[in-house]
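Here are the chains, one letter per residue:
Number of protein chains: 2
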Amino acid sequence: MAKPITDFSKLCVHTLTTRPWDLKQCIQNFSAAGIHAITIWRNVLEKQNLHEAKRMLDDYGMQVVSVARGGFFPSVEKENRHLAIDDNLLAIEQASAVGAPVLVLVCGADGRQSLEKSREQIQEGIEQILPDAKKAGVKLAIEPLHPMYAGDRSAINTLAQANRMAEEINSEYVGVAVDVYHLWWDSNLQHEIARCGRNGNLLAFHICDWNVPTVDFLNDRGLMGDGCINIPEIRRWVEDAGFSGCNEVEIFSEKYWLMDQIEYLEKIKNAYLKFS
Amino acid sequence: MAKPITDFSKLCVHTLTTRPWDLKQCIQNFSAAGIHAITIWRNVLEKQNLHEAKRMLDDYGMQVVSVARGGFFPSVEKENRHLAIDDNLLAIEQASAVGAPVLVLVCGADGRQSLEKSREQIQEGIEQILPDAKKAGVKLAIEPLHPMYAGDRSAINTLAQANRMAEEINSEYVGVAVDVYHLWWDSNLQHEIARCGRNGNLLAFHICDWNVPTVDFLNDRGLMGDGCINIPEIRRWVEDAGFSGCNEVEIFSEKYWLMDQIEYLEKIKNAYLKFS
Chain A
2 MAKPITDFSK
12 LCVHTLTTRP
22 WDLKQCIQNF
32 SAAGIHAITI
42 WRNVLEKQNL
52 HEAKRMLDDY
62 GMQVVSVARG
72 GFFPSVEKEN
82 RHLAIDDNLL
92 AIEQASAVGA
102 PVLVLVCGAD
112 GRQSLEKSRE
122 QIQEGIEQIL
132 PDAKKAGVKL
142 AIEPLHPMYA
152 GDRSAINTLA
162 QANRMAEEIN
172 SEYVGVAVDV
182 YHLWWDSNLQ
192 HEIARCGRNG
202 NLLAFHICDW
212 NVPTVDFLND
222 RGLMGDGCIN
232 IPEIRRWVED
242 AGFSGCNEVE
252 IFSEKYWLMD
262 QIEYLEKIKN
272 AYLKFS
Chain B
2 MAKPITDFSK
12 LCVHTLTTRP
22 WDLKQCIQNF
32 SAAGIHAITI
42 WRNVLEKQNL
52 HEAKRMLDDY
62 GMQVVSVARG
72 GFFPSVEKEN
82 RHLAIDDNLL
92 AIEQASAVGA
102 PVLVLVCGAD
112 GRQSLEKSRE
122 QIQEGIEQIL
132 PDAKKAGVKL
142 AIEPLHPMYA
152 GDRSAINTLA
162 QANRMAEEIN
172 SEYVGVAVDV
182 YHLWWDSNLQ
192 HEIARCGRNG
202 NLLAFHICDW
212 NVPTVDFLND
222 RGLMGDGCIN
232 IPEIRRWVED
242 AGFSGCNEVE
252 IFSEKYWLMD
262 QIEYLEKIKN
272 AYLKFS
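So the protein sequences, as listed, match chains A and B. Be aware that the first sequence starts at 2, since it is given in my numbering, and climbs by one per residue. Be aware that the second sequence starts at 2, since it is given in my numbering, and climbs by one per residue.
Chain A on its own, in the form it takes in the complex:
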């Protein structure tokens, strides 16, 4: 087990975790709750002046851990792959504008072609946007997604695959994101976490829980302690691998989105201390 968590200095909350809130509400309410780190999902940046966003974040002393998400590179249609590049360049601009050092990539998959082909297109896509990422000072984090998303959301489904791709691209601007939800089942996880730590590629650590049973493919994630993931054990592996960044709470949950979000934030804080 990892050392117990005793304060909120490394707690980061994703804006999508409290989806009913816009960016301003997230910043104000996180801050009032003593949470000083945020990962910004791009939906809350739509129709949002980015300079104002940056000023709000600074006014509240809010550390931006990352922007989510770029990616979705693969497609059978070339035209779609071009559109994906444009969208990723925009995401890099947004990340840079709000002071995010990392852009998280949900890499994408196209079920009409093989996973290998999709992976090739992912790597091509990352290599294509890399010069802009470097220029903007934004690192790209390849996030492996659970194999249940291999048909449509990501052809990168294990940390081994993400590590391999990051190592092949071999840039200090490309690394990986470890999310317990996607990876907890993998018996190679400890080994692969050590590997990306050793290579300096471990850029982000996301937590939530796996509900038993899980009833929805996207929006039935559990709060830490609700489910069956041994989060403290995985956190220890991540810390042993040299990671000293934030523990990011990323929960998509129709159930929790229905709650009063202020009360929910208190639940998150309690669960964070107790089960992370």
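By construction, these hints were calculated from the structure, which means they are not laboratory data. In this text, all values refer to a predicted model and were calculated from it rather than measured experimentally. Worth double-checking, as some hints may not be accurate.
Just so you know, same-sequence chains aren't split out, so a pair can sit in one copy or run between any two.
Unchecked claim - With a straight-line Cα cutoff of 30 angstroms, these simulated DSS-like cross-link-like pairs (lysine-lysine) come out:
#, residue 1, residue 2
1, Lys256, Lys275
2, Lys4, Lys268
3, Lys118, Lys275
4, Lys118, Lys4
5, Lys79, Lys275
Got chain A sorted already, so can you dock chain B onto it with the hints?
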């Protein structure tokens, strides 16, 4: 790609694929459709005299490929683990009674303990029932289940894990079942199929498709061709590994169970020739 399939000599259909039918209807309708191999799910054996079942199967010249399913060994409660053993011994008896050479194991998981602990209990369970399996002449096939079932249905989620366990138990009465639905996403699949083939451990091959998107965790499997799995490629790996048994169509689908099952069986036959 594998050699195209041109006839139904290796087509086996699971009784649960045509769930609305009882055993007699399955036997009669499969036979009328020119399908001469069946895998029997235990729900259709409830309240069924096993001698009569065997006579019906023989009367129609129906080859029983396997019985599904045993397993569900792990539990935090010792009492439940005992009950599981009893149930597996009953399953072995049933398999023997209907002339099935293989009992498929859905191994189980208990989210209240670690996957490692559940795996230990699975191996203990298999070793405990093995003498009865031998005596009955029924082989036990460890079926790795998709990682999305790691919380509650199986702590064995890759073919590598199933292979390792079968090799450790090291009995000609224990092998593995390869189901494309559970394993298609795994980039080590070809390698692991070759491994169990080489060891004589490849006991069964199940086919269906992965719908994009998939909307239900249990009962939204696709008919071959509906989804994104390259079934002919995986079949080639299985055949290259020396497997010469049946291609078993195992589809759980609320959508297809609503159809007229006679028409559905024709759809299955067409899809089998075209997309398997």
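Here is how each hint holds up against the structure:
For a Cα distance limit of 30 angstroms, the shortest separation of Lys256 from Lys275 inside one copy, 21 angstroms, qualifies, whereas the shortest one across copies, 43 angstroms, does not. For the identical chains of this complex, Lys4 and Lys268 are intra-copy neighbours only, at 21 angstroms inside a copy versus 57 angstroms across copies, given an alpha-carbon limit of 30 angstroms. With identical chains, the CA atoms of Lys118 and Lys275 are at most 30 angstroms apart between copies only, with a shortest distance of 23 angstroms across copies and 43 angstroms within one. Taking CA atoms no more than 30 angstroms apart as the test, Lys118 paired with Lys4 passes between copies only; the shortest distance there is 23 angstroms, against 42 angstroms inside one copy.
Taking CA atoms no more than 30 angstroms apart as the test, Lys79 paired with Lys275 passes between copies only; the shortest distance there is 28 angstroms, against 48 angstroms inside one copy.
When the structure is compared with the earlier hints, no violation turns up for any of them.
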